[in-house]
Amino acid sequence: MNDQVPYRLTATGITKSYGAVNALADVHFELRPGEVMALLGENGAGKSTIVKVISGLVVPDKGEISIDGQAVRLSSVRASQEAGIAVVQQEFSTVGTMSVAENLILGQSTAPLWWSPKKLNDQAKQILARVGLEDIDPRRSVDTLSVAEMQLLEIARVLAKDAKIVIFDEPTAALSDAEIVRVLDAVKRLAREGRSVIYVTHRLGEVFEIADRVTIFRNGRSEAPQSVKDLTVDRVVELMIGRELGHLYPERSQKFGRMVLEAKGLKVPGIDGEIDLAVRRGEILGLTGQLGSGASEIMKAMSGMADVLAGEVLLDGAPVDLHGRHRGIVLGIAYCSPDRKKDGIFAGVSIRRNISSPWLRRVSRLGFVSRGQENSEATRSASNFAIDVNRLDALVGNLSGGNQQKVAVGKWLGIRPRVLLIEEPTRGVDIGARAEIYAQLRRLSDSGVGVIVTSSDTNEILGLSDTIATYYRGRQTASRPVGQWTEPALVREVMHREEQAS
Amino acid sequence: MTTLDKAPLELRDRAAVRKASNTVRNWALPILIVLVFIIASVTVPQFFQFETIRAILLATSITGIIAVGMTAITLSGNLFSLGVTASAVFSGVVYIWVGQATGSMYVAALVAIIAAVVIGIAQGFIVGLGLNTVIVTLAAGSIIYGVTAILTKGEVVQAKGTSLEGFATFQIMGIPLPIYIFVLFTAVSWFLTEHTLIGRNIHLLGANENTARNSGISRMRTTIWAFVSFSLGIGIAAVLQASQMHQIQADNLPGLTMDVVAAVLVGGTAVAGGEGSPVKSAIGALFIATITQIMVLVGIPQGPRYFVLGVVVLALVIVLHLLRKAGTR
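Those sequence lines, one after another, are chains A and B. Under the working numbering, the first residue of the first sequence is numbered 1, with each subsequent residue one higher. Under the working numbering, the first residue of the second sequence is numbered 1001, with each subsequent residue one higher.
Just chain A, with the same shape it has in the complex (with noise of 0.2 angstroms):
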């Protein structure tokens, strides 16, 4: 037993509850100094309420925290921080217009009001190889960086600070597998420097990678921490529903019906060369790369959201003209983008109308909606991504990333669709959702819609596709039926290229 080593963190008996609900019952959580701590758990299953107790966001009702065996009352976020904790934020807060060491510097209560550039600079340099950017120029602005940059400047500003207790909150939910790395590297030297790490995520292969324990949330109440050596996938999955989960991926269909979606000699901007793709029905077909690889540009062409630059596209057989993404809309062309709060939801705006906004014209009578047909349709296709259809009212910024995400894609049911291109399906989802969105997917793919899926999860191409191309810098790298395809393969295929490139 590790009994001698005393804690970093413990916090005893933490209980929590907005009106009649108990967001956190009677939460136990201990943190070890030098350990990564993975916090896993369903969407609403209070790995985030605990994180902002420590954080300081949110105070709870009872309950006890200590840090090096004193007593602490975290009752802000000013106060949090001076007990030495710190937040790697999902969303970015560096400036886009300034320099890394500008942003490296800013809003440290310890920054002078001047200081040289040189000195600036020399200062920055030292934090950046704290998070393996030591080839980064402390001069560059902010905004020529690549996302997975982005989020290793905000581990490098939390590290200026010098905390004891890092807390990170989904930090790898917009990489690819490649930029993951490097994040799950500066996360190793957190804790090899004797930090200690909170890890939010709902990948479970990081966990598996850089965790030494978990505590598992299920319904406002913490299993025990678990050493993650005694664990498995599954039982870690299982632990995280509360009952045994069938099979994440849906059967795939036996066989392959007549072609509904044909593309010959594609050029679209971003991507050298010719494209040629092919579903049919029955077969989803999964395009991976890395940021930048240009399966994402293709989705954006087909779509009508880019221009398509010269090709030919059939659907059905029959040669169709994609200008405009109305065009696309009225030809059945559904199209979900990676990222769905920028451009796959009204947050603003109800479950029921967002749903209904893609085909509200086909509900409509001389320019009059017709809510009963409006309503009786969006119904249905609510019903069908176990939607709650008696919440139809609610905004649809309130709800879980798996829940937005189902609005997401399911109102494109109502255009009758005959293309789907999703890209990252489950970006930010949790597991449930999940299973439920990859059902839907192989359904309408069963039914003879053309289902193309990008994705930089690997293990969710392969789980899902039954045909994959890989993409790298503009250029399709390779295409085979998913049998041919193994995990390591998959991943040497898609990154593999860059090792010849450097």
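Hints listed in this document are in silico derivations from the structure and should not be mistaken for laboratory results. Some clues are possibly wrong.
Below are the EDC-like pairs computed for lysine to aspartate or glutamate, each with C-alpha atoms no more than 16 angstroms apart in a straight line [said to hold, decoys possible]: (1) K1019(B) - D393(A); (2) K342(A) - E1209(B); (3) K267(A) - E209(A); (4) K341(A) - E1209(B); (5) K125(A) - D137(A); (6) K164(A) - E82(A); (7) K125(A) - D135(A).
We have chain A already, so just place chain B on it with the hints.
Using the frame of chain A, we list chain B on its own:
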């Protein structure tokens, strides 16, 4: 199966806060108006009289009709037009000129409204291309003012010999026609916003332009329709105003733009778009007219009146903003 009841618990708590702040936001202004009415009735002599109330409603109707029309622009995420005064005066001049030429106030009204709509569509087209509304409408306002001043040689345009005041003087049960038109215009605007494809698209465009685009909603068409709504308000209000004054000059109605924008914002339509209602703007206009009328009755001169009105509008907009923030957190 994960359904909505599994929404994160902390979100439920926030939902309660949000609901409370939304309720306050929706009812704050009507309650405030009632309070102001009660207090003014007790403390200000001559306030609680038919003539005073009628004057308030009459003053509300001109600002209110334009504010109701402009709500579509604000809802669509295109902020607001800053060229209200110039457009309204131009339409008023057209009304009087055409009225003189044809002798019919109905033909004159129709032409004046069409003129306003044509000017509005042109501005809507430019905004639809992606230009900032504030800049476009300021520039357009300046051009329209210039054209009006050149055409009228800066002189007062009067209706001589023809009777064009009918729209303003006609009364039903002692209440002048503009008040009925205002109520009707508000009701129709509300109905169209809620029940037509265009109204709903205006809402969605303001709620999230990118999602709207992905949903096949045309920014250009929707923006032009919002400007049509605005220009109908301008045209109708200009006809009523010109009928009332029986004359018009390029320099008239200097405070109209500010009053209209204030009515929309005080009413509680979100500056960022996607949230609000023509009815709210109508109530906002009523509030501003009431405060102004009280100050007139108490004998506060024009300068201090503008000052007080500005402070009240600013305070209300700040409170609404804070409530909205509490509501969306």
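Here's how the hints hold up against the structure:
no.	hint	in the structure
1	K1019(B) - D393(A)	13 angstroms, holds
2	K342(A) - E1209(B)	9 angstroms, holds
3	K267(A) - E209(A)	39 angstroms, violated
4	K341(A) - E1209(B)	11 angstroms, holds
5	K125(A) - D137(A)	8 angstroms, holds
6	K164(A) - E82(A)	10 angstroms, holds
7	K125(A) - D135(A)	9 angstroms, holds
Comparing the model with each numbered hint stated earlier shows that hint 3 is the single one that does not hold.
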